[in-house]
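Protein chains: 2
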Amino acid sequence: MTHTPTLAPATPAFIDALRARLPAPVFREATPGYFEEPRGRWQGQGVVLAPGNTEDVAEIVRACAAARVPVVPYGGGTGLVGGQIAPGGPTPVILSLERMRAVRGIYPAENVIVVEAGAILQDIHTAAAEVDRLFPLSIAAKGSARIGGNLATNAGGVNVLRYGNARDLCLGLEAVMPDGRIWNGLKRLRKDNTGYDLRNLLIGSEGTLGVITAAALKLSPRPMGEGTALMVVEGPRAALDLLALARARIGEGVSAFEIMHRAGLEFLAETLPDIRQPFAKMPEWFVLIDVGLASGLDPAAVLEGLFAEAFEAGLVSDGMIAQSETQRHQFWEVREQIPEANRRIGSISSHDISLPMSLIPDFIVQANAVIAGIGAFRINCFGHLGDGNLHYNVFPMPGRGRADHVAERDEIKRAVHDLVHEMGGSVSAEHGIGRLKVEDLERYGDPVKLDAMRAIKTALDPLGIMNPGAVLRG
Amino acid sequence: MTHTPTLAPATPAFIDALRARLPAPVFREATPGYFEEPRGRWQGQGVVLAPGNTEDVAEIVRACAAARVPVVPYGGGTGLVGGQIAPGGPTPVILSLERMRAVRGIYPAENVIVVEAGAILQDIHTAAAEVDRLFPLSIAAKGSARIGGNLATNAGGVNVLRYGNARDLCLGLEAVMPDGRIWNGLKRLRKDNTGYDLRNLLIGSEGTLGVITAAALKLSPRPMGEGTALMVVEGPRAALDLLALARARIGEGVSAFEIMHRAGLEFLAETLPDIRQPFAKMPEWFVLIDVGLASGLDPAAVLEGLFAEAFEAGLVSDGMIAQSETQRHQFWEVREQIPEANRRIGSISSHDISLPMSLIPDFIVQANAVIAGIGAFRINCFGHLGDGNLHYNVFPMPGRGRADHVAERDEIKRAVHDLVHEMGGSVSAEHGIGRLKVEDLERYGDPVKLDAMRAIKTALDPLGIMNPGAVLRG
Chain P
1 MTHTPTLAPA
11 TPAFIDALRA
21 RLPAPVFREA
31 TPGYFEEPRG
41 RWQGQGVVLA
51 PGNTEDVAEI
61 VRACAAARVP
71 VVPYGGGTGL
81 VGGQIAPGGP
91 TPVILSLERM
101 RAVRGIYPAE
111 NVIVVEAGAI
121 LQDIHTAAAE
131 VDRLFPLSIA
141 AKGSARIGGN
151 LATNAGGVNV
161 LRYGNARDLC
171 LGLEAVMPDG
181 RIWNGLKRLR
191 KDNTGYDLRN
201 LLIGSEGTLG
211 VITAAALKLS
221 PRPMGEGTAL
231 MVVEGPRAAL
241 DLLALARARI
251 GEGVSAFEIM
261 HRAGLEFLAE
271 TLPDIRQPFA
281 KMPEWFVLID
291 VGLASGLDPA
301 AVLEGLFAEA
311 FEAGLVSDGM
321 IAQSETQRHQ
331 FWEVREQIPE
341 ANRRIGSISS
351 HDISLPMSLI
361 PDFIVQANAV
371 IAGIGAFRIN
381 CFGHLGDGNL
391 HYNVFPMPGR
401 GRADHVAERD
411 EIKRAVHDLV
421 HEMGGSVSAE
431 HGIGRLKVED
441 LERYGDPVKL
451 DAMRAIKTAL
461 DPLGIMNPGA
471 VLRG
Chain D
1 MTHTPTLAPA
11 TPAFIDALRA
21 RLPAPVFREA
31 TPGYFEEPRG
41 RWQGQGVVLA
51 PGNTEDVAEI
61 VRACAAARVP
71 VVPYGGGTGL
81 VGGQIAPGGP
91 TPVILSLERM
101 RAVRGIYPAE
111 NVIVVEAGAI
121 LQDIHTAAAE
131 VDRLFPLSIA
141 AKGSARIGGN
151 LATNAGGVNV
161 LRYGNARDLC
171 LGLEAVMPDG
181 RIWNGLKRLR
191 KDNTGYDLRN
201 LLIGSEGTLG
211 VITAAALKLS
221 PRPMGEGTAL
231 MVVEGPRAAL
241 DLLALARARI
251 GEGVSAFEIM
261 HRAGLEFLAE
271 TLPDIRQPFA
281 KMPEWFVLID
291 VGLASGLDPA
301 AVLEGLFAEA
311 FEAGLVSDGM
321 IAQSETQRHQ
331 FWEVREQIPE
341 ANRRIGSISS
351 HDISLPMSLI
361 PDFIVQANAV
371 IAGIGAFRIN
381 CFGHLGDGNL
391 HYNVFPMPGR
401 GRADHVAERD
411 EIKRAVHDLV
421 HEMGGSVSAE
431 HGIGRLKVED
441 LERYGDPVKL
451 DAMRAIKTAL
461 DPLGIMNPGA
471 VLRG
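Line by line, the protein sequences are chains P and D. Okay, so the first sequence: first residue is 1 according to full-length UniProt numbering, each after it adds one. Okay, so the second sequence: first residue is 1 according to full-length UniProt numbering, each after it adds one.
Please keep in mind that the hints were generated in silico from the structure rather than gathered at the bench. All values reported here derive from a predicted model rather than from experimental measurement. Worth double-checking, as some hints may not be accurate.
One copy or any two copies: either way a pair holds, since identical chains are not told apart in the list.
Stated by the list, open to error - Pairs of lysine-lysine residues, derived as DSBU-like cross-links and limited to a Cα-Cα distance of at most 30 angstroms, are as follows:
{"#": "1", "residue 1": "Lys142", "residue 2": "Lys187"}
{"#": "2", "residue 1": "Lys187", "residue 2": "Lys281"}
{"#": "3", "residue 1": "Lys187", "residue 2": "Lys449"}
{"#": "4", "residue 1": "Lys281", "residue 2": "Lys449"}
{"#": "5", "residue 1": "Lys281", "residue 2": "Lys142"}
{"#": "6", "residue 1": "Lys449", "residue 2": "Lys413"}
{"#": "7", "residue 1": "Lys187", "residue 2": "Lys413"}
{"#": "8", "residue 1": "Lys413", "residue 2": "Lys142"}
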């Protein structure tokens, strides 16, 4: 087990001592936003500090280490598993990166951008577009999520199929380690085999091993032409066959492959009636395919060719190919607004899971049967099929609310996660562990890996000040 | 510094005790091949054990831990930095994975193959091709290198530009940790954010944190059409501009982009006269471009279109596009035989370096000037320009041998590495640290990262039995 030294609160005296060493803008008003999280599960606490540069981050962490004050790194506050919230324990420093937003350099010839950790994801998209490049990481919260948090949680999103997760888009990091020293690993190199992969260790460690302060990120050329289609499939197995066909014909040109169920369309109709419904008659299952192609290929023609071959093979029964950017946007809006529709319906239990791709059809059948055995529910299962990542979410029947199902909540979650685990899947595909899934990690995680994680945590953060209680039990 | 407990030799009594617990085939004759390495720099020693399954690997490591006997994991023996050789210290166990070659499973619908660590890289290529898939990791030693070693050293090769390094091709690992416990991390998942990234920590750790016993690897669809061109460029800057143009037009379809210098052609003419010289008049600089394209694109036409636009822009002055598979093979043979020609000439000092891509032209000019300041030498600079990875190798003038330059060897290496370091590059792009570059890592490595590495090493291998002296000083 992790050795847990006694932590101390960030007292007024502790903060006053910092005031003498740091400029005034570091000291922020602790407005309620810092202590809320998107799903409203926890209420946080803490003293908010927002350093303006890496040296000041280091100064704060050194002071916290000396006084054994907990440090909770804070990006855009959009995390869904409570990694950014300290609901109990000694008052921590909430270390917000919000003032460190600079683009330190952009290198179009290298396809590299170097940004500070507080840069908002969408601002990085804009900076890349200004030099005719793409930064492909894209998640629903891109307008407020900050890249430091995206990296700390190894964010996923809709373009993972083509471009990988956040870790795959990072070439180098600058970070403040738990002892307050600065690791300058901000390399702009595609190949660098000089020692252990500290970069990937920090990425996905959710602020428990250090504070990411800047990153060198990979950019990509922008595809020459883009296109989007919706295609109706009989079910998840046909969808997987369609994906294999698409990748055989189009290769890396398949940028996104998202599966959706009729429930998503029904939820949109129920809660967001202004969203344009794409189908005259709601299909049981359908996919959104997005392509970004090289010179010499017409996206609509490529999607038509795919549809024709898939129709011939009996994989698709209907479909539509966007004829304009407006229509592409409408197709994507269906996918992107489903989480908002879910929020308005109010899920009893949501599951961010991944599975070996070929087992997904079986999983859905079995999971639906398990849930039906617990009671009468609506299920909205959708997500990044191309990555084997489903959002398998369970909702009350019409006329009932989540408050009616408090008693079944844990049973549902446990049943879904047990099945995922049995099938070799992950109970946190892209959201991370945070505080929400610490018990799941203990239950389903490999014990040898867990022991290695605890040993690493103790080795790098012997005082246990970095985001205590996240990922590993404090 | 790393705490170094006293290690003990693998005595006859130690091995005899193992004989009682392990089947006879585990105990191998210690033929000289196990103690040689490709560059002939070291002579190794040890007792060779070749377990047939993961349980037996664990049994051996547990016994070594109990007796504090060093363990040197051994794959294909093709590493270029001595990571697989123990030239001194107490007699180690050479833990060869050669008997663990099984394909445990292949999942075309998932684009995944699960193999044991002793599988030879080329055999994995063959297994993938049999299900119409590609395993893209490819290095010169593919006929004898084993995937466990490829992963332990995070191998690179000619397809990194498109498909990434070895770590980018690995979804999951099974490994025996230094205490002899088995980590079952053999997930077939594209997204899995459940805790620290132990997979990437083991990948590239060169056997110092555990023994990789099996891996789940990513496969790719095979491109519908492939093509290769040689194009003459004025120099490295034009080559970089050509690469940017190629990627803008062709996207991920650019599979490889290799730069070569006239010296490479001269060395081939001198040492391997049977290799067909591609150019009537040897150019100063040229590139090999390989493309693998989606349905609907003709590789030759795509390369012609690229050449036409590049010629118009003044980036290329001459070129040829392979008109057959035979010609593709001939073009590639030029690139692939350059290391053999180098070996026959006999380098004074070889450098496997990477740089921020936009700095490569400046680096070559400055490095050539630095070398000229030391004396009269021939330089063969070539490599994976698309990855910013150069092999910058220094040779004697005609009529002289490497033995004539022993005195200058360290000066040359130091000068090249100092310049690489000043320019933000890496002194080991793809070969790793092994035993050859331990001092380089100490000199050029970030001290905060080095301390973190030492802390991790001590945390996971407190007895220091795993490949002592590799990567970190024992």
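How the hints compare with the structure:
1. Lys142 / Lys187: both (25 angstroms within a copy, 29 angstroms between copies)
2. Lys187 / Lys281: neither (52 angstroms within a copy, 39 angstroms between copies)
3. Lys187 / Lys449: both (28 angstroms within a copy, 13 angstroms between copies)
4. Lys281 / Lys449: Cα proximity of lysine 281 and lysine 449: none, with 48 angstroms in one copy and 58 angstroms across.
5. Lys281 / Lys142: Close neither inside one copy (32 angstroms) nor across copies (54 angstroms); limit 30 angstroms.
6. Lys449 / Lys413: Result: close within a single copy only, 23 angstroms intra versus 40 angstroms inter.
7. Lys187 / Lys413: Intra 41 angstroms, inter 21 angstroms, cutoff 30 angstroms: inter-copy only.
8. Lys413 / Lys142: For lysine 413 and lysine 142, only the intra-copy Cα distance (28 angstroms) is at most 30 angstroms; the inter-copy one is 46 angstroms.
Of the hints listed earlier, those the structure fails to meet are numbers 2, 4, 5, in rising order.
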